[in-house]
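*Asks:* Sequence:
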Amino acid sequence: MNVKQRTLNSEITISGVGLHTGKHATLVFKPAPENHGYKFKRIDLEGQPTVDADVDNVTDTSRGTTITQNGASVSTVEHLLASLVGMEIDNVLIEIDGPEVPIMDGSALVYVEAIEKAGYKDQEADREYYEIPHNIHYTEPDRKVEMVAMPLDGYRFTCMIDYNSPVLGSQHSAITGISEFKKEIASSRTFCFLHELEMLLEHNLIKGGDLNNAIVVVDKDVSKDELKHLAKLFNREDIDVAREGILNNIKLRHQNEPARHKLLDMIGDLALVGRPLKGHIMAARPGHAANVAFAKKIKAQINREKNKKYVRIYDPNMTPVYDTAQIMKILPHRQPMLMVDKILELTKTHVVGLKNVTMNEDIFMGHFPGEPLFPGVLQIEAMAQTGGILVLNTVPDPENYITLFLKIENARFKAQVKPGDTIIFHCNLIQPIRRGIAQMKGIGMVGEKIVVEAELMAQIVKVKEANKG
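One point on numbering: in my numbering, the residue at position 141 of the sequence shown is 141, and numbering is uninterrupted.
It should be emphasised that the hints constitute simulated quantities derived from the structure, not laboratory data. Predicted model, so just to flag it, every value in this text is computed and none were measured. Here a beta-carbon is modelled for each residue, glycine too, at the ideal position from N, C-alpha and C. Among the hints, a few may not be true.
In silico DSSO-like cross-links for lysine-lysine, where the CA-CA straight-line distance does not exceed 30 Å [stated by the list, open to error]: (1) K418 with K329; (2) K183 with K121; (3) K418 with K299; (4) K441 with K41; (5) K441 with K297; (6) K121 with K182; (7) K441 with K30; (8) K449 with K39; (9) K182 with K278; (10) K407 with K39; (11) K121 with K41.
Label-pair ranges, simulated between beta-carbon atoms [to be verified]: (12) D142 with Q255: 25 to 35 Å; (13) D126 with E46: 30 to 40 Å; (14) G71 with H36: 18 to 28 Å; (15) H36 with R434: 13 to 23 Å; (16) E46 with D323: 41 to 51 Å; (17) E371 with Q431: 34 to 44 Å; (18) D142 with D97: 37 to 47 Å; (19) D97 with H36: 14 to 24 Å; (20) K329 with R434: 25 to 35 Å; (21) S62 with P432: 41 to 51 Å; (22) K144 with H229: 30 to 40 Å; (23) P316 with E116: 51 to 61 Å; (24) T139 with P432: 38 to 48 Å.
All chains should be modelled from the sequences, with the hints used to inform the complete structure.
*Replies:* If you want it as C-alpha coordinates, here you go:
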(Lines of atoms letter the chains of each structure in order from A and count residues from 1; the text may use other names and numbers.)
(Lines give C-alpha, C1' and ligand atoms only; values in the text may rest on other atoms or scores of the structure.)
Protein backbone atom coordinates (compact mmCIF):
# COMPACT_ATOMS: atom_id res chain seq x y z
CA MET A 1 0.00 0.00 0.00
CA ASN A 2 1.33 3.43 -0.96
CA VAL A 3 2.06 5.88 1.84
CA LYS A 4 0.65 9.38 1.31
CA GLN A 5 2.63 12.59 1.71
CA ARG A 6 1.98 14.55 4.89
CA THR A 7 1.96 18.15 5.94
CA LEU A 8 1.16 19.84 9.24
CA ASN A 9 -2.42 20.08 10.41
CA SER A 10 -1.86 23.59 11.80
CA GLU A 11 0.84 26.23 12.14
CA ILE A 12 3.56 26.02 14.78
CA THR A 13 5.44 28.95 16.31
CA ILE A 14 8.73 28.45 18.20
CA SER A 15 11.18 31.08 19.42
CA GLY A 16 14.69 30.84 20.78
CA VAL A 17 18.33 31.86 20.49
CA GLY A 18 20.87 30.64 17.94
CA LEU A 19 23.82 28.79 19.48
CA HIS A 20 26.54 30.44 17.40
CA THR A 21 25.09 33.85 16.50
CA GLY A 22 23.34 34.45 19.84
CA LYS A 23 20.52 36.04 17.84
CA HIS A 24 16.88 35.53 18.75
CA ALA A 25 14.68 34.05 16.05
CA THR A 26 11.05 33.05 15.73
CA LEU A 27 10.09 30.14 13.52
CA VAL A 28 6.63 29.65 12.05
CA PHE A 29 6.06 26.19 10.56
CA LYS A 30 3.32 26.36 7.92
CA PRO A 31 1.48 23.57 6.09
CA ALA A 32 2.68 23.28 2.48
CA PRO A 33 1.31 21.67 -0.69
CA GLU A 34 2.29 18.30 -2.13
CA ASN A 35 5.85 17.90 -3.48
CA HIS A 36 6.89 21.14 -1.74
CA GLY A 37 9.47 19.54 0.50
CA TYR A 38 11.22 21.59 3.19
CA LYS A 39 11.81 25.28 2.51
CA PHE A 40 12.89 28.17 4.72
CA LYS A 41 11.74 31.75 4.14
CA ARG A 42 13.82 34.60 5.61
CA ILE A 43 10.97 37.00 6.38
CA ASP A 44 13.39 39.50 7.97
CA LEU A 45 15.13 40.14 4.65
CA GLU A 46 13.98 42.27 1.72
CA GLY A 47 11.93 40.23 -0.70
CA GLN A 48 11.59 37.42 1.87
CA PRO A 49 13.86 35.02 -0.08
CA THR A 50 13.36 31.27 0.23
CA VAL A 51 16.07 28.69 0.82
CA ASP A 52 15.43 25.09 -0.22
CA ALA A 53 16.61 22.40 2.18
CA ASP A 54 18.82 20.89 -0.51
CA VAL A 55 22.33 19.47 -0.23
CA ASP A 56 23.35 21.56 -3.27
CA ASN A 57 22.67 24.68 -1.18
CA VAL A 58 25.03 23.78 1.70
CA THR A 59 27.66 26.49 2.15
CA ASP A 60 29.18 25.74 5.56
CA THR A 61 29.57 22.70 7.82
CA SER A 62 32.09 24.02 10.33
CA ARG A 63 29.69 24.45 13.29
CA GLY A 64 26.46 22.87 12.13
CA THR A 65 24.96 22.87 8.66
CA THR A 66 24.27 26.13 6.81
CA ILE A 67 22.24 26.39 3.60
CA THR A 68 22.25 29.41 1.26
CA GLN A 69 20.09 30.37 -1.73
CA ASN A 70 18.75 33.56 -3.31
CA GLY A 71 21.21 35.65 -1.27
CA ALA A 72 19.91 34.33 2.06
CA SER A 73 21.34 31.83 4.55
CA VAL A 74 19.93 29.74 7.39
CA SER A 75 22.36 28.01 9.74
CA THR A 76 22.18 25.10 12.20
CA VAL A 77 19.28 23.49 10.34
CA GLU A 78 20.07 19.86 11.20
CA HIS A 79 18.05 19.37 14.42
CA LEU A 80 14.92 20.92 12.92
CA LEU A 81 15.21 18.86 9.73
CA ALA A 82 15.78 15.68 11.76
CA SER A 83 12.55 16.35 13.67
CA LEU A 84 10.58 16.67 10.40
CA VAL A 85 12.06 13.42 9.05
CA GLY A 86 11.57 11.68 12.39
CA MET A 87 7.90 12.72 12.56
CA GLU A 88 7.41 11.81 8.87
CA ILE A 89 6.35 15.26 7.70
CA ASP A 90 7.03 15.72 3.96
CA ASN A 91 5.98 19.27 3.14
CA VAL A 92 6.43 22.38 5.28
CA LEU A 93 7.38 26.03 4.86
CA ILE A 94 9.44 27.40 7.75
CA GLU A 95 9.35 31.17 8.11
CA ILE A 96 12.30 32.48 10.13
CA ASP A 97 13.14 36.05 11.10
CA GLY A 98 16.85 35.52 11.78
CA PRO A 99 19.98 33.82 10.39
CA GLU A 100 20.08 30.78 12.66
CA VAL A 101 17.63 28.11 13.82
CA PRO A 102 17.25 28.31 17.63
CA ILE A 103 19.27 25.70 19.52
CA MET A 104 16.57 25.21 22.20
CA ASP A 105 17.85 22.49 24.59
CA GLY A 106 20.43 21.21 22.10
CA SER A 107 18.24 18.36 20.86
CA ALA A 108 15.23 17.96 18.54
CA LEU A 109 12.78 17.36 21.38
CA VAL A 110 11.11 20.79 21.40
CA TYR A 111 10.49 20.58 17.66
CA VAL A 112 9.19 17.01 17.86
CA GLU A 113 6.75 17.87 20.66
CA ALA A 114 5.48 20.91 18.75
CA ILE A 115 4.96 18.86 15.57
CA GLU A 116 3.14 16.19 17.56
CA LYS A 117 0.88 18.81 19.12
CA ALA A 118 0.04 20.38 15.75
CA GLY A 119 -0.67 17.00 14.18
CA TYR A 120 -0.48 16.09 10.52
CA LYS A 121 -2.81 15.56 7.60
CA ASP A 122 -2.39 13.16 4.70
CA GLN A 123 -2.26 14.61 1.20
CA GLU A 124 -3.33 13.12 -2.13
CA ALA A 125 0.12 12.47 -3.60
CA ASP A 126 2.11 9.35 -2.69
CA ARG A 127 5.32 9.72 -0.73
CA GLU A 128 8.24 9.17 -3.09
CA TYR A 129 10.86 7.17 -1.23
CA TYR A 130 14.31 6.68 -2.65
CA GLU A 131 15.14 3.02 -2.22
CA ILE A 132 18.89 2.51 -2.00
CA PRO A 133 19.57 0.28 -5.07
CA HIS A 134 23.03 -0.99 -4.09
CA ASN A 135 25.73 -0.23 -1.55
CA ILE A 136 26.76 3.43 -1.68
CA HIS A 137 30.05 4.07 0.14
CA TYR A 138 31.73 7.21 1.45
CA THR A 139 35.08 7.29 3.27
CA GLU A 140 37.55 9.83 4.64
CA PRO A 141 40.63 7.74 5.52
CA ASP A 142 42.46 10.58 7.28
CA ARG A 143 39.54 11.03 9.71
CA LYS A 144 38.64 7.33 9.75
CA VAL A 145 35.13 8.20 8.55
CA GLU A 146 33.23 5.34 6.95
CA MET A 147 29.63 5.44 5.73
CA VAL A 148 27.57 3.04 3.69
CA ALA A 149 23.93 2.98 2.57
CA MET A 150 22.64 -0.51 1.83
CA PRO A 151 19.40 -1.79 0.26
CA LEU A 152 16.60 -2.47 2.75
CA ASP A 153 12.83 -2.28 2.54
CA GLY A 154 12.60 -0.05 5.57
CA TYR A 155 14.69 2.50 7.47
CA ARG A 156 17.51 1.36 9.71
CA PHE A 157 20.33 3.48 11.06
CA THR A 158 23.48 2.49 12.94
CA CYS A 159 26.04 5.01 14.19
CA MET A 160 29.40 4.61 15.94
CA ILE A 161 31.57 7.36 17.39
CA ASP A 162 35.10 7.06 18.67
CA TYR A 163 37.04 10.18 19.62
CA ASN A 164 39.99 8.35 21.15
CA SER A 165 38.87 9.83 24.46
CA PRO A 166 39.16 7.88 27.74
CA VAL A 167 36.04 9.69 28.98
CA LEU A 168 33.77 9.24 25.98
CA GLY A 169 35.19 6.00 24.64
CA SER A 170 33.56 4.20 21.73
CA GLN A 171 29.77 4.50 21.59
CA HIS A 172 27.08 3.03 19.36
CA SER A 173 23.46 3.92 18.71
CA ALA A 174 20.85 2.51 16.36
CA ILE A 175 17.22 2.60 15.31
CA THR A 176 15.43 -0.13 13.36
CA GLY A 177 12.64 2.12 12.06
CA ILE A 178 11.92 5.85 11.79
CA SER A 179 9.04 5.42 14.26
CA GLU A 180 11.70 4.99 16.99
CA PHE A 181 13.08 8.49 16.42
CA LYS A 182 10.83 10.29 18.89
CA LYS A 183 11.53 7.97 21.83
CA GLU A 184 15.14 6.95 21.19
CA ILE A 185 16.85 9.86 19.41
CA ALA A 186 14.95 13.18 19.57
CA SER A 187 15.93 14.11 23.15
CA SER A 188 19.69 13.57 22.69
CA ARG A 189 21.59 16.84 23.04
CA THR A 190 24.59 18.20 21.23
CA PHE A 191 27.96 17.74 22.89
CA CYS A 192 31.46 19.12 22.71
CA PHE A 193 34.79 18.67 24.45
CA LEU A 194 35.94 21.18 27.03
CA HIS A 195 38.95 22.21 24.92
CA GLU A 196 36.57 22.93 21.99
CA LEU A 197 34.27 24.94 24.23
CA GLU A 198 37.16 27.08 25.47
CA MET A 199 38.33 27.69 21.88
CA LEU A 200 34.81 28.68 20.77
CA LEU A 201 34.43 31.02 23.72
CA GLU A 202 37.84 32.53 23.08
CA HIS A 203 36.89 33.31 19.46
CA ASN A 204 33.39 34.52 20.39
CA LEU A 205 31.82 31.70 18.34
CA ILE A 206 29.28 30.39 20.83
CA LYS A 207 27.17 33.40 21.75
CA GLY A 208 23.92 31.57 22.41
CA GLY A 209 25.12 28.75 24.65
CA ASP A 210 24.16 28.63 28.31
CA LEU A 211 25.49 25.19 29.28
CA ASN A 212 21.91 23.91 29.51
CA ASN A 213 21.86 22.96 25.86
CA ALA A 214 25.10 20.99 25.52
CA ILE A 215 26.95 18.08 27.09
CA VAL A 216 30.51 19.19 27.83
CA VAL A 217 32.97 16.29 27.91
CA VAL A 218 35.94 17.05 30.18
CA ASP A 219 38.92 15.64 28.32
CA LYS A 220 41.69 17.19 30.41
CA ASP A 221 42.57 18.07 33.98
CA VAL A 222 40.68 21.15 35.11
CA SER A 223 41.79 23.38 37.94
CA LYS A 224 39.44 25.05 40.43
CA ASP A 225 40.29 28.42 38.88
CA GLU A 226 39.25 27.19 35.42
CA LEU A 227 35.96 25.90 36.82
CA LYS A 228 35.32 29.23 38.50
CA HIS A 229 36.08 31.00 35.20
CA LEU A 230 33.63 28.76 33.32
CA ALA A 231 30.95 29.29 35.95
CA LYS A 232 31.38 33.06 35.61
CA LEU A 233 31.18 32.93 31.79
CA PHE A 234 27.88 31.07 31.97
CA ASN A 235 26.41 33.03 34.85
CA ARG A 236 26.43 30.14 37.31
CA GLU A 237 27.51 30.11 40.95
CA ASP A 238 29.67 27.03 40.55
CA ILE A 239 30.36 24.16 38.22
CA ASP A 240 32.16 20.84 38.61
CA VAL A 241 33.04 17.61 36.82
CA ALA A 242 30.47 14.83 37.30
CA ARG A 243 31.38 11.18 37.76
CA GLU A 244 30.72 10.43 34.07
CA GLY A 245 33.48 12.85 33.07
CA ILE A 246 31.18 15.64 31.95
CA LEU A 247 30.48 19.03 33.44
CA ASN A 248 27.67 18.75 35.97
CA ASN A 249 25.55 21.42 34.27
CA ILE A 250 23.17 18.69 33.06
CA LYS A 251 22.49 15.00 33.60
CA LEU A 252 22.74 12.53 30.75
CA ARG A 253 19.41 11.46 29.30
CA HIS A 254 21.00 8.32 27.85
CA GLN A 255 24.24 6.60 28.73
CA ASN A 256 25.25 6.86 25.03
CA GLU A 257 23.66 10.27 24.44
CA PRO A 258 26.56 11.63 22.31
CA ALA A 259 26.27 8.71 19.86
CA ARG A 260 22.51 9.17 19.68
CA HIS A 261 22.98 12.86 18.95
CA LYS A 262 25.40 12.09 16.11
CA LEU A 263 22.72 9.83 14.65
CA LEU A 264 20.22 12.70 15.04
CA ASP A 265 22.56 15.07 13.20
CA MET A 266 23.02 12.60 10.39
CA ILE A 267 19.27 12.09 9.92
CA GLY A 268 18.92 15.88 9.68
CA ASP A 269 21.79 16.29 7.22
CA LEU A 270 20.56 13.41 5.02
CA ALA A 271 17.16 15.15 4.82
CA LEU A 272 18.99 17.47 2.39
CA VAL A 273 18.95 14.62 -0.17
CA GLY A 274 15.38 15.79 -0.80
CA ARG A 275 13.68 12.39 -0.65
CA PRO A 276 12.77 10.10 2.27
CA LEU A 277 15.12 7.12 2.19
CA LYS A 278 14.59 3.39 2.38
CA GLY A 279 17.74 1.57 3.30
CA HIS A 280 20.16 0.64 6.07
CA ILE A 281 22.69 3.36 6.78
CA MET A 282 25.79 2.61 8.83
CA ALA A 283 28.19 5.37 9.84
CA ALA A 284 31.46 5.41 11.75
CA ARG A 285 32.73 8.73 13.12
CA PRO A 286 30.31 10.97 11.18
CA GLY A 287 30.38 14.78 11.17
CA HIS A 288 28.52 17.48 9.27
CA ALA A 289 31.06 17.76 6.44
CA ALA A 290 31.06 13.99 5.88
CA ASN A 291 27.27 13.79 6.21
CA VAL A 292 26.85 16.41 3.50
CA ALA A 293 29.40 14.74 1.20
CA PHE A 294 27.57 11.43 1.71
CA ALA A 295 24.21 13.11 1.00
CA LYS A 296 25.65 14.53 -2.24
CA LYS A 297 26.76 11.05 -3.26
CA ILE A 298 23.27 9.65 -2.67
CA LYS A 299 21.68 12.56 -4.54
CA ALA A 300 24.07 12.05 -7.45
CA GLN A 301 22.89 8.43 -7.67
CA ILE A 302 19.27 9.62 -7.65
CA ASN A 303 20.05 12.06 -10.46
CA ARG A 304 21.77 9.38 -12.53
CA GLU A 305 18.67 7.22 -12.28
CA LYS A 306 16.42 10.19 -13.03
CA ASN A 307 18.50 11.07 -16.09
CA LYS A 308 18.01 7.58 -17.48
CA LYS A 309 14.25 8.17 -17.48
CA TYR A 310 14.80 11.03 -19.90
CA VAL A 311 17.30 9.24 -22.10
CA ARG A 312 15.82 8.74 -25.53
CA ILE A 313 17.52 6.68 -28.21
CA TYR A 314 17.00 8.89 -31.22
CA ASP A 315 16.21 7.08 -34.45
CA PRO A 316 16.74 9.43 -37.44
CA ASN A 317 14.45 7.21 -39.52
CA MET A 318 11.42 7.69 -37.27
CA THR A 319 8.67 10.02 -38.44
CA PRO A 320 8.63 13.03 -36.09
CA VAL A 321 5.46 14.67 -34.79
CA TYR A 322 6.64 17.85 -36.55
CA ASP A 323 9.57 18.29 -38.90
CA THR A 324 11.30 21.64 -39.49
CA ALA A 325 8.83 22.78 -42.16
CA GLN A 326 5.88 22.01 -39.88
CA ILE A 327 7.56 23.72 -36.94
CA MET A 328 7.91 26.90 -39.00
CA LYS A 329 4.14 26.93 -39.51
CA ILE A 330 3.73 27.15 -35.72
CA LEU A 331 6.73 29.15 -34.48
CA PRO A 332 7.48 32.63 -35.88
CA HIS A 333 11.27 32.11 -35.64
CA ARG A 334 13.47 31.77 -38.72
CA GLN A 335 17.14 31.10 -39.40
CA PRO A 336 19.40 31.84 -37.54
CA MET A 337 17.01 31.98 -34.57
CA LEU A 338 14.99 28.83 -35.20
CA MET A 339 16.53 26.44 -32.68
CA VAL A 340 14.30 23.35 -32.95
CA ASP A 341 14.71 20.84 -35.77
CA LYS A 342 12.12 18.21 -34.85
CA ILE A 343 9.36 17.51 -32.34
CA LEU A 344 9.57 13.85 -31.30
CA GLU A 345 6.72 13.66 -28.75
CA LEU A 346 3.78 15.91 -27.92
CA THR A 347 0.97 15.49 -25.40
CA LYS A 348 -1.18 17.95 -23.45
CA THR A 349 1.41 18.13 -20.67
CA HIS A 350 4.82 17.46 -22.20
CA VAL A 351 6.88 17.84 -25.35
CA VAL A 352 10.17 16.40 -26.57
CA GLY A 353 12.14 18.37 -29.16
CA LEU A 354 15.47 17.96 -30.88
CA LYS A 355 18.24 20.38 -31.82
CA ASN A 356 21.19 19.28 -33.96
CA VAL A 357 24.22 21.45 -33.19
CA THR A 358 26.31 21.85 -36.36
CA MET A 359 29.58 23.63 -37.01
CA ASN A 360 28.20 25.63 -39.97
CA GLU A 361 25.88 27.68 -37.72
CA ASP A 362 26.53 31.44 -37.75
CA ILE A 363 27.16 31.65 -34.01
CA PHE A 364 30.41 29.68 -34.18
CA MET A 365 32.08 32.42 -36.23
CA GLY A 366 32.03 34.73 -33.23
CA HIS A 367 31.53 32.56 -30.14
CA PHE A 368 34.82 30.97 -29.04
CA PRO A 369 35.85 30.26 -32.67
CA GLY A 370 38.95 28.42 -31.50
CA GLU A 371 37.00 26.29 -29.02
CA PRO A 372 33.44 26.14 -30.37
CA LEU A 373 30.73 25.79 -27.71
CA PHE A 374 26.99 26.17 -28.12
CA PRO A 375 26.10 29.16 -25.88
CA GLY A 376 24.07 28.52 -22.77
CA VAL A 377 21.69 31.37 -23.56
CA LEU A 378 20.84 29.69 -26.88
CA GLN A 379 20.30 26.37 -25.12
CA ILE A 380 17.65 28.14 -23.05
CA GLU A 381 16.20 29.66 -26.23
CA ALA A 382 15.99 26.20 -27.86
CA MET A 383 14.32 24.86 -24.71
CA ALA A 384 11.88 27.78 -24.73
CA GLN A 385 10.98 27.18 -28.38
CA THR A 386 10.37 23.50 -27.63
CA GLY A 387 8.12 24.58 -24.76
CA GLY A 388 6.46 27.08 -27.11
CA ILE A 389 5.28 24.19 -29.30
CA LEU A 390 3.68 22.60 -26.22
CA VAL A 391 1.94 25.83 -25.25
CA LEU A 392 0.75 26.71 -28.76
CA ASN A 393 -0.62 23.20 -29.14
CA THR A 394 -3.37 24.22 -26.70
CA VAL A 395 -4.91 26.91 -28.98
CA PRO A 396 -7.02 26.22 -32.12
CA ASP A 397 -5.00 28.28 -34.63
CA PRO A 398 -1.40 28.32 -33.34
CA GLU A 399 -0.11 30.33 -36.30
CA ASN A 400 -2.15 33.29 -35.00
CA TYR A 401 -0.43 33.21 -31.59
CA ILE A 402 3.04 33.56 -30.16
CA THR A 403 4.47 32.68 -26.77
CA LEU A 404 6.13 35.45 -24.78
CA PHE A 405 8.43 34.18 -22.06
CA LEU A 406 7.91 36.01 -18.78
CA LYS A 407 10.39 34.37 -16.45
CA ILE A 408 13.34 31.97 -16.30
CA GLU A 409 14.26 30.50 -12.92
CA ASN A 410 16.76 28.00 -11.56
CA ALA A 411 18.67 27.77 -14.85
CA ARG A 412 21.70 25.50 -14.57
CA PHE A 413 24.27 24.56 -17.19
CA LYS A 414 25.83 21.23 -16.35
CA ALA A 415 27.99 20.27 -19.30
CA GLN A 416 29.43 21.77 -22.47
CA VAL A 417 27.58 21.38 -25.77
CA LYS A 418 29.77 21.21 -28.89
CA PRO A 419 29.23 20.98 -32.65
CA GLY A 420 28.15 17.46 -33.53
CA ASP A 421 26.01 17.09 -30.39
CA THR A 422 22.29 16.46 -30.53
CA ILE A 423 20.34 18.05 -27.68
CA ILE A 424 17.00 16.48 -26.81
CA PHE A 425 14.76 18.81 -24.80
CA HIS A 426 12.00 17.61 -22.47
CA CYS A 427 9.50 20.25 -21.29
CA ASN A 428 6.78 19.32 -18.81
CA LEU A 429 3.99 21.51 -17.47
CA ILE A 430 4.43 22.11 -13.74
CA GLN A 431 0.72 22.91 -13.45
CA PRO A 432 -2.23 23.29 -15.86
CA ILE A 433 -2.22 26.36 -18.13
CA ARG A 434 -4.41 29.07 -16.62
CA ARG A 435 -5.42 32.32 -18.31
CA GLY A 436 -2.85 31.76 -21.01
CA ILE A 437 0.02 31.40 -18.51
CA ALA A 438 2.14 28.25 -18.68
CA GLN A 439 4.80 27.13 -16.22
CA MET A 440 7.22 24.43 -17.35
CA LYS A 441 10.24 22.50 -16.19
CA GLY A 442 12.72 21.98 -19.03
CA ILE A 443 15.67 19.60 -19.30
CA GLY A 444 18.15 19.35 -22.18
CA MET A 445 20.17 16.17 -22.62
CA VAL A 446 23.06 15.05 -24.78
CA GLY A 447 23.08 11.27 -24.56
CA GLU A 448 22.73 10.33 -20.89
CA LYS A 449 23.97 13.69 -19.57
CA ILE A 450 21.76 16.59 -18.55
CA VAL A 451 23.43 19.66 -20.07
CA VAL A 452 20.86 22.32 -19.12
CA GLU A 453 17.76 22.65 -16.99
CA ALA A 454 15.47 25.55 -16.13
CA GLU A 455 11.96 26.51 -15.07
CA LEU A 456 10.14 28.69 -17.59
CA MET A 457 6.98 30.80 -17.49
CA ALA A 458 5.32 31.84 -20.76
CA GLN A 459 2.18 33.63 -21.88
CA ILE A 460 0.12 32.84 -25.00
CA VAL A 461 -0.56 36.08 -26.91
CA LYS A 462 -2.41 36.73 -30.17
CA VAL A 463 -0.10 38.12 -32.85
CA LYS A 464 -2.12 41.36 -33.22
CA GLU A 465 -2.08 41.95 -29.45
CA ALA A 466 1.66 41.34 -29.35
CA ASN A 467 2.18 43.91 -32.10
CA LYS A 468 0.14 46.46 -30.11
CA GLY A 469 2.42 45.85 -27.10
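*Asks:* Against each hint, give a clear statement of whether it holds in the structure.
*Replies:* Verification of the hints:
Only pairs whose Cα atoms come within 30 Å are accepted, and K418 paired with K329 is accepted, the gap being roughly 28 Å. At roughly 22 Å between alpha-carbon atoms, K183 and K121 fall within 30 Å of each other, so this suggested pair holds. Note on K418 and K299: the hinted pairing holds, with a Cα-Cα distance of about 27 Å set against a maximum of 30 Å. Taking the CA atoms of K441 and K41, the gap is about 22 Å. The hint holds against a cut of 30 Å.
Taking the CA atoms of K441 and K297, the gap is near 24 Å; set against the 30 Å cutoff, the hint holds. Restraint check: the Cα-Cα separation between K121 and K182 comes to about 18 Å, which is no more than 30 Å; the hinted pair holds. Restraint check: the Cα-Cα separation between K441 and K30 comes to about 25 Å, which is no more than 30 Å; the hinted pair holds. Restraint check for K449 and K39: the C-alpha separation of about 28 Å stays at or below 30 Å, so the hint holds.
A distance of roughly 18 Å separates the Cα atoms of K182 and K278; the hinted pair therefore holds under the 30 Å criterion. Only pairs whose Cα atoms come within 30 Å are accepted, and K407 paired with K39 is accepted, the gap being roughly 21 Å. Between K121 and K41, the direct Cα distance comes to roughly 22 Å. Compliance with the 30 Å bound is thereby established for this hinted pair. For the pair D142 and Q255, the supplied restraint of 25 to 35 Å holds, since their beta-carbon distance comes to about 30 Å.
In this structure the hint that D126 and E46 lie 30 to 40 Å apart at CB holds, the actual value being about 38 Å. In this structure the hint that G71 and H36 lie 18 to 28 Å apart at CB holds, the actual value being about 21 Å. Between H36 and R434 the Cβ separation comes to about 19 Å, which falls inside the hinted range of 13 to 23 Å. In this structure, E46 and D323 meet the distance hint of 41 to 51 Å, their C-beta atoms being roughly 49 Å apart.
Distance hint check for E371 and Q431: the Cβ-Cβ separation is about 40 Å, which falls inside the suggested range of 34 to 44 Å. The hint said 37 to 47 Å for the Cβ distance between D142 and D97, and at roughly 40 Å that hint holds. Checked against the hint of 14 to 24 Å, the C-beta distance between D97 and H36 comes to roughly 21 Å, which is consistent with it. Between K329 and R434 the Cβ separation comes to about 26 Å, which falls inside the hinted range of 25 to 35 Å.
In this structure, S62 and P432 meet the distance hint of 41 to 51 Å, their C-beta atoms being roughly 45 Å apart. Checked against the given bound of 30 to 40 Å, the beta carbons of K144 and H229, roughly 34 Å apart, stay inside it. Against the hinted window of 51 to 61 Å, the Cβ-Cβ separation of P316 and E116 comes to about 59 Å, which satisfies the hint. One distance hint, 38 to 48 Å for the beta-carbon pair T139 and P432, holds here, with the actual separation near 47 Å.
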